[in-house]
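From the two separate chains plus the hints, produce the assembled complex.
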Amino acid sequence: MRNTRALQGGALLALLALGFGVSPLLYGNQSLLFSMMAYVALAQGLNVAYGFTGYLPFGYVGFFGAGAYGTALAITALHWPPVAAVLGGGVLAMVFGVVLAPLLRLSGAYFSIANLAASQALYYVVANPDLAGITRGPYGIKLTSVFAPNLSYAVLWVILLLATGAAIYLRTSRLGLALRATNQDPVSAAAAGVDPVRGRLVAWLLSALIAGLVGGAYGWHVSVFYPQSVFTLRISIFAIVFVLFGGAGTVIGPVIGAVLLYGLYDAIGISSPEYFQLVYGILIIALVLFLPDGLASLARRRVRDVL
Amino acid sequence: MGLLEYALIGGVLYGLFFALVGVGLNLIFGVMRMINLAHGDLIMLGAFGAYWVFHLWGLSPLYGIPLEVVGFIAVGVPLYYLVVPRLLRTRDPEMLSFILFFGLSQVIEASAVLGFGNNQRSVPASTLGHGSVAILGQSFPVAWVVAAGVSVAAILALYVYLYHSRFGYATRAVMASREEALTAGISVHRISATAFVAGFCLAGLAGVFAPYMLGAIDPNMGVDLTTVSFAIVVIGSLGQPLGTVIGGLVYGIAIMLMQTYLPSWSNLLPYLLLIVIVLIKPAGLLGRTVRHA
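Read top to bottom, the protein sequences are chains X and R.
All residue numbers for the first sequence refer to our numbering, where the first residue is 1 and numbers rise by one.
All residue numbers for the second sequence refer to our numbering, where the first residue is 1 and numbers rise by one.
So that you can see chain R by itself, here it is in the shape it has in the complex (with noise of 0.2 Å):
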């Protein structure tokens, strides 16, 4: 029972955190249509961003936030203009851009292991904070309560965002049809080169935590992460940012299960669940029609 019990809680925990992982992927695809397949790299940036905060200075990973939250709006907004304009032009938008970023995330895990190094690396859980936690009679440790918190907090900014401020509606309404929005006098680039960088520094502020909730960060793990973002966004909707929280929590309660009761098999589950689910409800939980012939 308090396996079960135990597995339960976790998953909520990692449920947030991986709502996190998963979001700022969607709001790219819900403001701009385009799936940032580089979105794995950019986690990993963040999570090495946290790993040499702490090793190189001593500092917590938390101070490596601020310190990517800038450093994503220096790339990012460079980035959108030099690239999105020119994209949206061509022919088919939707794949080429996703070929695109395929190509960034490429360049994004060369770089990585160029810069850093092929290894593994880890950094200590105490840093959060030492000991446990006690929830519902279950202990866990205090780093994935910090990034449950974190995560909820976030998340809760950018509902505030989206739906009680002006920038958010116009942004709810570049999401809902970009040529009405333009019609209506939006600035679509301004408003989709915010949604850009938020989502970037999104994947950012996942990656402090993923030392903590995925054990060690090399690389290499860009990719994984970018499937199981998807395999999130989709369970809850793509293009509906808020609905990821579910996409996040079915996805965290069903690997503490598979991790408890399967281990040997609960790497497939990302996959097998974003396969099943984009052949039974690919428009996922929340509903949109995505399908054609």
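Bound conformation, chain X alone (with noise of 0.2 Å):
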């Protein structure tokens, strides 16, 4: 069963590092293809948090904004070349995943809301105008200087990739079982030896991270952002939508869901964004009446196992 699942994990790497790596040349518009992948890895990593451990980060959101800032104030105040400003801007997601841990000790719900006013309260901070000095607070941030496409195109893919090899591995190993004992009966896990807190945390953190990559590459990438563009609950909504319908907890369910939502998404046309959000509330609720599961359920009555 691990050699099964270990190698359709390698055809699934392989197929995202091919298809977004050679479709650049195929097909012109890369900002869609640029989006179509920070929203597989923000899915991905948003996965990493809810499938494995049962949180679903309603705030996810709030690491994409903090990394997109960290990386444009380590490129504009601290003069750091992009990439590493990029691994910056991850890391500064993953320390407000840190401040942020303590929520992992409440019940579901209480989290997933104490989360999103935290991603709502960082996006308060970052758009006051008496932080103009450092944030540049509403007026947003220009990136216009080091702005590189197609480097920043290459970055992203590097993350995409790192993002599904993370879900591989919970998929696969010992933590990620643990994990997900712990999240379907925490008493017997605990009984059976499981550090219901230690699994949680790491999940936790490598998701943070994600989110705050994806965020700092997006801000390169577009080199011009405000608060409102970074911090929009939007961007949750679709990471969300794009785990629940693909299925949460694999790790192709994810990577269907956001290449198809968004692939539909973009074709059908951004000009009306609440027709979208009527299409997807109406999806949510009708995935959770009738395939709590995603996706990835309908391939398991089928094949035995999937990853």
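These are calculated hints, taken from the structure and not from any lab test.
Some hints here could point you the wrong way.
As the list claims (entries may be wrong) - Rough simulated footprint, nothing fancy, chain X against chain R, three-plus residues with beta-carbon under 8 Å:
(1) 84-91
(2) 225-231
(3) 272-281
What the hints assert, rightly or not - Far from chain R, some chain X residues (derived; all Cβ distances over 10 Å):
(4) G9
(5) Y27
(6) L33
(7) A77
(8) G140
(9) Y153
(10) V158
(11) V202
(12) L260
Note that the structure is predicted; figures quoted are calculated from it, not measured.
Think of the CB as a built atom: it goes at the ideal place given N, C-alpha and C, for glycine as much as any other residue.
Listed below in structure tokens is the structure:
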């Protein structure tokens, strides 16, 4: 069983690497590919937290925004080279994750809503005109001097593969098994010698790091952004819908969810986001009622083991 | 000195209103153990109801109240029976209902943007009476006093219902233990459906006063209101509807003090308050355990 999963994992990594590595040569719309890649990585990052620990971070966008702003400040204030700055943004998001780690003591819904509150709080801090000297407040960030669409695309490509690799590791390792056991029955898992806190913390910080790195690469790629564009709740919603649609707790699910739904979103048009909010809202309700384990659960009925 | 008194008394008026904002969320949680994440969006709908009653027919927004109650009953009852029994059969009703109501909140918000447009709207304060009311030497808009008065009346009505009616006894039995209430022959679904719809109506009622208490309204105000409601409810203890009054007062006074002395940071308050409360005392000020390892 472990072997089939390792094989599937290798195949998925190769497919993603090839797909997003070659497609810019064949297809001109790089920004679409970039956004899709960002959402695949974000969905995978959210999956690392939600799929394996059961904690659904509604404020996931907080890490994304922290990464974008961390990267931007490292470039503008500290004059780091952009690639190092993206790493710095990821680390900053992870620090934010450490600050929020006490929330993991709470039960599910409390955690989600407190996390949402934390991301909103971070947004209001970043956007506060009183701090315009540091964050430029509501006036936004300009990184046009280091604008490098191809290099930032390559950096996000690496981040995507790392995120997928992290999810494969959790799906196939002892740690991942322990996490899922804790999620399903904390008391029995603890009795079997599983430390519930340590595993949860590892998954949580990994998830924060992924979102921070993606946010950093995104900020660098678009090079002009505002607090409301990197802290919008819509980013959390998208990642949640993609994960639920594909199947939380699997590695393939979030990839399929993000590629299919983001592709659809882009094909139909971004001009009126309300229609999508409506469609995604209905989709969330329908998934919870009729397919709570996502598309991957359909595949599981046919194939014995899905990554 | 005048400033402090103004902030404190205004905080009490605001706090009573915010108790009404939170109480519907808490009633639904107390009875059903489900967090209605669409709560803020229902308040938004209530606010738009008041706005349209005034702007279409030139009536006082108070006439919106009966209309909204009828509307929320007409939508809430079928919604309950369509969704909740199914949710209760799933492996994790708490988390899945949470996600489902999140989806509902997105649907309501998107529909409101499509239906009402993305503009901010307001209702003139004079529609609830002219002039101002003097309380302890400070003067406040009539609208604030009316809103606080209606909130007190609504919460008193809820109290009488819960503590002095047969249906209310049954409701509290379901709150204490769903299983035992079932075995005692209480029709849990009827009780839950009633609480569910009552929670909707209380949100709508709070919404009618939102244009006066919160300023301009827009379809996107729901998420913030849900967070604020949740903060209030948690401060006053989740699952204890009347504890919400304490939560509302704490929040109302805190927000007035912030707006008086530290206005540029006041929009941070509900979020920080929420995080601090769930971390320090997640059971709320009146107690009831909720965390697990």
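Cross-check of the supplied hints:
1. 84-91: Coverage by chain X holds for the segment 84-91 of chain R (4 residues, Cβ < 8 Å).
2. 225-231: holds (count 3)
3. 272-281: holds (count 5)
4. G9: 26 Å, holds
5. Y27: Correct as stated: the minimum Cβ-Cβ distance to chain R is 30 Å, above 10 Å.
6. L33: 26 Å, holds
7. A77: 22 Å, holds
8. G140: 18 Å, holds
9. Y153: Fine: 31 Å to the nearest Cβ keeps Y153/X off the interface.
10. V158: 32 Å, holds
11. V202: 16 Å, holds
12. L260: 18 Å, holds
Consistency with the previously given hints is maintained throughout, with no hint failing.
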